[in-house]
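Below, each chain spelled out in residue letters.
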Amino acid sequence: MATVKEPNPQFTDLIIKSGGKTLNLCYQCGTCTASCPSGRQTAFRTRKLIRKAQLGLKEDILPFDDLWMCTTCYTCVERCPRQVDITDIIMILRNFAVKEGYMADTHKKTASSMMNTGHTIPLTDDYKGMRKKLGLSEQPPTVLGDAKALEDWKKIMKITGFDKIIGGK
Amino acid sequence: MTDKYALFLGCIAPLRYPGIEKATREVFKALDVDLVDLEGAGCCPAPGVIRSFDQTTWLALAARNLALAEKKGLDIITICNGCFGSLFDAAHILHEDPAKVKEVNKILKEVGLEYNGGKIKVRHFADVLHKDIGIEKIKSKVVNPLQYKVAVHYGCHFAKPSKIKQLDDPERPSILDELVEAVGPKSVNYRDKMMCCGAGGGLRTRANDIAMKMTEEKLANVKKAGAQFIIDVCPFCHLQYDRTQKDVPGYDIPVIHMAQLYGLAFGLPKEHMGLEAHVVPVKL
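Keeping their order, the protein sequence lines are chains A and B. According to the numbering used here, the first sequence is numbered sequentially starting from 1. According to the numbering used here, the second sequence is numbered sequentially starting from 170.
In short, the hints are calculated from the structure, not lab data.
Per label pair, the in silico range of CB-to-CB distance:
no.: 1; chain 1: B; residue 1: K290; chain 2: A; residue 2: T3; range: 47 to 57 Å
no.: 2; chain 1: A; residue 1: R45; chain 2: B; residue 2: P267; range: 32 to 42 Å
no.: 3; chain 1: B; residue 1: E440; chain 2: A; residue 2: P63; range: 48 to 58 Å
no.: 4; chain 1: A; residue 1: K21; chain 2: B; residue 2: S343; range: 26 to 36 Å
no.: 5; chain 1: B; residue 1: R341; chain 2: A; residue 2: R40; range: 17 to 27 Å
no.: 6; chain 1: A; residue 1: E138; chain 2: B; residue 2: N313; range: 22 to 32 Å
no.: 7; chain 1: B; residue 1: D172; chain 2: A; residue 2: K132; range: 24 to 34 Å
no.: 8; chain 1: B; residue 1: S331; chain 2: A; residue 2: T106; range: 30 to 40 Å
List of simulated lysine to any residue pairs, SDA-like, C-alpha gap at most 25 Å:
no.: 9; chain 1: A; residue 1: K158; chain 2: B; residue 2: E272
no.: 10; chain 1: B; residue 1: K271; chain 2: A; residue 2: I165
no.: 11; chain 1: A; residue 1: K21; chain 2: A; residue 2: K48
no.: 12; chain 1: B; residue 1: K332; chain 2: B; residue 2: D244
no.: 13; chain 1: A; residue 1: K48; chain 2: A; residue 2: A104
no.: 14; chain 1: A; residue 1: K132; chain 2: B; residue 2: V451
no.: 15; chain 1: B; residue 1: K392; chain 2: B; residue 2: L444
no.: 16; chain 1: B; residue 1: K310; chain 2: A; residue 2: G135
no.: 17; chain 1: A; residue 1: K133; chain 2: B; residue 2: R412
no.: 18; chain 1: B; residue 1: K362; chain 2: A; residue 2: R40
no.: 19; chain 1: A; residue 1: K148; chain 2: A; residue 2: T124
no.: 20; chain 1: B; residue 1: K334; chain 2: B; residue 2: D346
no.: 21; chain 1: A; residue 1: K21; chain 2: B; residue 2: A268
no.: 22; chain 1: A; residue 1: K21; chain 2: B; residue 2: E265
no.: 23; chain 1: B; residue 1: K334; chain 2: A; residue 2: R82
Here the structure is a predicted model, which means the values were calculated and not measured. Quick reminder that beta carbons are idealized off the backbone N, C-alpha and C, glycines included.
Kindly generate the complete structure, drawing on both the sequences and the hints.
The structure is reproduced here in structure tokens:
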């Protein structure tokens, strides 16, 4: 016997309220799936993800890798005949996944680097040397090496609770 | 025309391919445009990762970067599609939603900043070259026309989402091809030219095997078209193409950021283009 999944309208509403106001415009034509460069390489099917989001099937969305296969290339958004903000909706769903503790360790590393240094990647001695050789400042004139700027940077994330968010539940 | 911009560096250019930063500074100097450092700016923050993790944090940090430029009264110029996408989108969201401006300003107040919006623009350097400086002036600076066959990679966040960017046709753009051909090379057509490099959306960080499959698809098409170089306008696409070729056998197509291409064509010192940071050697 086929299993029928119960829709969860509360979750659908939450997606819509979080910026996904075009979610229910989707009429499941599949142009997104056909346009998706990631879908060529993976089992990720954009149309299915959007359908699940319309039905609010939270448990079918948040724990799964598929949600993270989108490269945010916007090709589907450009071609969508209903002008659904597909990429934005995917990012909203990812925010919920992270809040529920579904976050890859490699992503946690990127997030911590961004939080602690101001950049997603570290500045190593090799690249410091290369910068110097080019006549650039050893450290770029960014948050790096600017104590006050870094303090402000971290303060913002203290207010938004980013450290707790990336720490999982 | 504005002849002064706040240079937004981002992460990959200054920290992995500093030649792109150096080339940008020198090329714009040669074009009589003043690039001022945006001291204390941070990550844009990256749209595919940080925005995917927490939109509130993403918007607040982007607003801080925007506020720093607003304080200087200067438009931001970016040398990366990711930074451009992030800062442009953030400025757009804040422009459309006064409640969000209030929300971010409540946070920014704690660090002595405020973002009002509407005063400064977020620009991509290629758009500035094309629209503000113009092909004619660019052509007048060329002393070393690089007559190679090249594959132009637009990347995703340059013209898309076109609804808000309104820079060029998202499926059949021409700006970058025109800019490349203005300094000598011939831009060849190739299959799936507008396809993503594979790195975005946190895919490189999370599942690089899949990202690399996408990159390999692009590389195969570039090779088939007989292109001698890949020209990009985004250090992240640049890194993805350059580093993937180390792990995927059969390719040695050098990757050059448009600022570096311009530096070479303008006859600026080759050693200032930082080409030794590239994994695939750039032989000219």
